[in-house]
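**Q** The primary structure of each chain is shown beneath.
There are 2 protein chains.
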Amino acid sequence: MNERLEAIKGNIIYAETPGELTVMPDSWIVTEGGIIRGIFSELPERYAAAEVTDYGDMIITPSFTDLHLHAPQYPMLGLGMDLELLGWLNKYAFPTEAMFSDAGYARRVYSKLAHALIERGTTRVCIFSSLHREATNILMDELEKAGVTGYAGKVNMDRNGSEELIETTEESVAETRLFIEENKGRKLIKPILTPRFTPSCTNELMEELGKIAAEYPDIPVQSHLSENTDEMKWVKELHPDCAQYWETYDKYGLWKNRTVMAHCVYSDERERAAIKKAGVWAVHCPDSNTCIASGIAPVRTMLKEGVKVAMGSDIAGGAKLSMLDVATEAIRVSKMRWLFGGKRDEERFLTVAEAFYLITGAGQEYFGARPGFGIGDRLHAVVFDDRGMADNPRMNLSERLERIIYLGERQDIKAVYSEGIRRI
Amino acid sequence: MNERLEAIKGNIIYAETPGELTVMPDSWIVTEGGIIRGIFSELPERYAAAEVTDYGDMIITPSFTDLHLHAPQYPMLGLGMDLELLGWLNKYAFPTEAMFSDAGYARRVYSKLAHALIERGTTRVCIFSSLHREATNILMDELEKAGVTGYAGKVNMDRNGSEELIETTEESVAETRLFIEENKGRKLIKPILTPRFTPSCTNELMEELGKIAAEYPDIPVQSHLSENTDEMKWVKELHPDCAQYWETYDKYGLWKNRTVMAHCVYSDERERAAIKKAGVWAVHCPDSNTCIASGIAPVRTMLKEGVKVAMGSDIAGGAKLSMLDVATEAIRVSKMRWLFGGKRDEERFLTVAEAFYLITGAGQEYFGARPGFGIGDRLHAVVFDDRGMADNPRMNLSERLERIIYLGERQDIKAVYSEGIRRI
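Heads up: the protein sequence lines correspond to chains A and B, in order.
772 is the number that our numbering gives to position 13 of the first sequence; each next residue is one higher, with no gaps.
1040 is the number that our numbering gives to position 281 of the second sequence; each next residue is one higher, with no gaps.
Since the hints were made in silico from the structure, they are not lab data.
Footprint (simulated), chain A over chain B, 3 or more residues, beta carbon under 8 Å:
#1 822 to 835
#2 859 to 871
#3 1089 to 1099
#4 1141 to 1154
The C-beta atom is built at its ideal place from N, Cα and C for all residues, glycine as well.
Required output: the full structure, derived from the provided sequences and hints.
**A** What follows is the structure, encoded as structure tokens:
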């Protein structure tokens, strides 16, 4: 065990709740074996022996969480954006995912993706793989090697795929069980059940996945919900017995505490109440919802209602891997919803500080850590060097953070810590 | 005069009209003294002596044009985004612009901005300075040094500024005349008349600017139009005699061929007809219109009606300097307008190829060049090396361009040519 006493120093900024920034100029985070012991404006005497990394005037924030993305769509990032969801799946997503039957290709792409995540300050993910078990194991290896933590899932899809991307119900169940057994002992990336979405899974498969979910109560579930109006009509045709989309998951025991549901663009009051009641997490993927023209999720309303919301890049429906970009896209679309949603008084657009919380604190909570820098949690942090940006003597620290959120690129990230270890 | 015969080789892509890409794999652009002599799939015998730069499998496109941006707002890029136009002007824009009374500060910031433009492939601009003549001259020096061409204007504002950012009518007129005389002989960056917007200029000032416009018929005009509903109400109060915003410019002789009007978010059929009739150019600034929550301009409709439209970053209302980012934001907001504008059949969202035209060909036409690579025009080009992006063996050349438009960053730009000279 690494029990080294360490201290990092800089301008520390975090958000424990949506919209409220804590700003600690020129302060210290002390860790012991990677675990946070405290934040201090002066280094306490008892930690005088700590190994110090002084980041000077740089800004230190919690690292980012990405609660919804598709690893095998990384090669098609930024492609197919003239299409909408269902056409885009058939023309781009399925053929691209099919390439991951090739383990060598998977290794090349996933190694690059894992580093791309860490380089952009994302240290915790809920990630979809393809249906290929071998490629999923490779994805988990590469994420762990790079220091990315969280959950990864082998996708289940036994209907409505393509000739090259489909599995039988039996294969899907057997491979999922094997996938869980092979990976349940991992330290950094854990398995998660991943029915692609209702149209991709027969009722028989859903039933079997429900059984697996019951057998492994610690393994959460991730899927998609109410993303696009055509998709929702299709789900309704497939499950005429369910009043709403979420019930197609609930029916099979997949709608439970810590289930992760991407999008929820069209989740109405009743569906949102079901999300809240079950302890399900809604994942807002603003760039994806814009790029494939799905709509704008009612994030302001979800926050008011106390629905748990975090944020996802949803590559490659979304075209941006960096959660800083995803945060600013969330602000952008919230302004569009404010202008065009017909509820200007109730649905004020997101502030920069709120979006910052949604890419940091919200996801930290999902992964069992305290939003911000919680004592007893392992250090997950990003250090920003904003000296490459234009010279502006009038800015305070929260304005500097605001500018970093809008403009920050890979090269402005000086260091990234994941699970207490510096990875960059 | 540089009469060198040169040839660059690579995959050439350009758009001569909105939405139609010309793709020439593995082809040659030949220039003589920086002037394009032709594009060829094989190098013709008569050019065998050309000095060749072979970019291999890279992609060569026309460089970008940015028809609306505020140089002295560069230090506040990404700041103040929780505000709307008029509050944002007072709290952020005016205090930041006031700093440009300091020539040393102007030199530092403008040198950085000029290089930032070239590094992102922007070689032609219509740019606002502040009201300071000295800083405007410095801006023009720095743009020319870096190789950025086009127009720059000393801003006029003799009312509704701030204590630190205002000029008298007499000062404004005298300084503008001096500014023109000092700069009219420049080769790369020419002067342009720049009344900030109607609320910033008294009628007396507008009248004097109209006289100057008549005296110097080759000097165009740039300003703002119908950006924000509060702003439009204000203009209406200031000019009760004008039925529409554009008439406040027309009244003083500033509404003429090649006048550049930023935004036009709320320009209705009548205002758009006036734009078209006069030969005015509408500049679509999607990121600014989103970030300061102004609205979404009816670009699809303008294109259908034959209104001249090009694109602007409008930093720092917009948070993105790269025209690639501005192009994708234009696509994003067009999808929002398609979803929420109530005219799904008439206002189909922009395709990637249309947005590409708007940041290349449209602006080339404004500056008197042919969209694409016109024979007889000076070479303005960007060379992209997309090998840093994820490995995807299934892409064709137009898909590679699409991905570059969505993901391209500074480091993916291998070379930039402006006025026939390689600048990067």
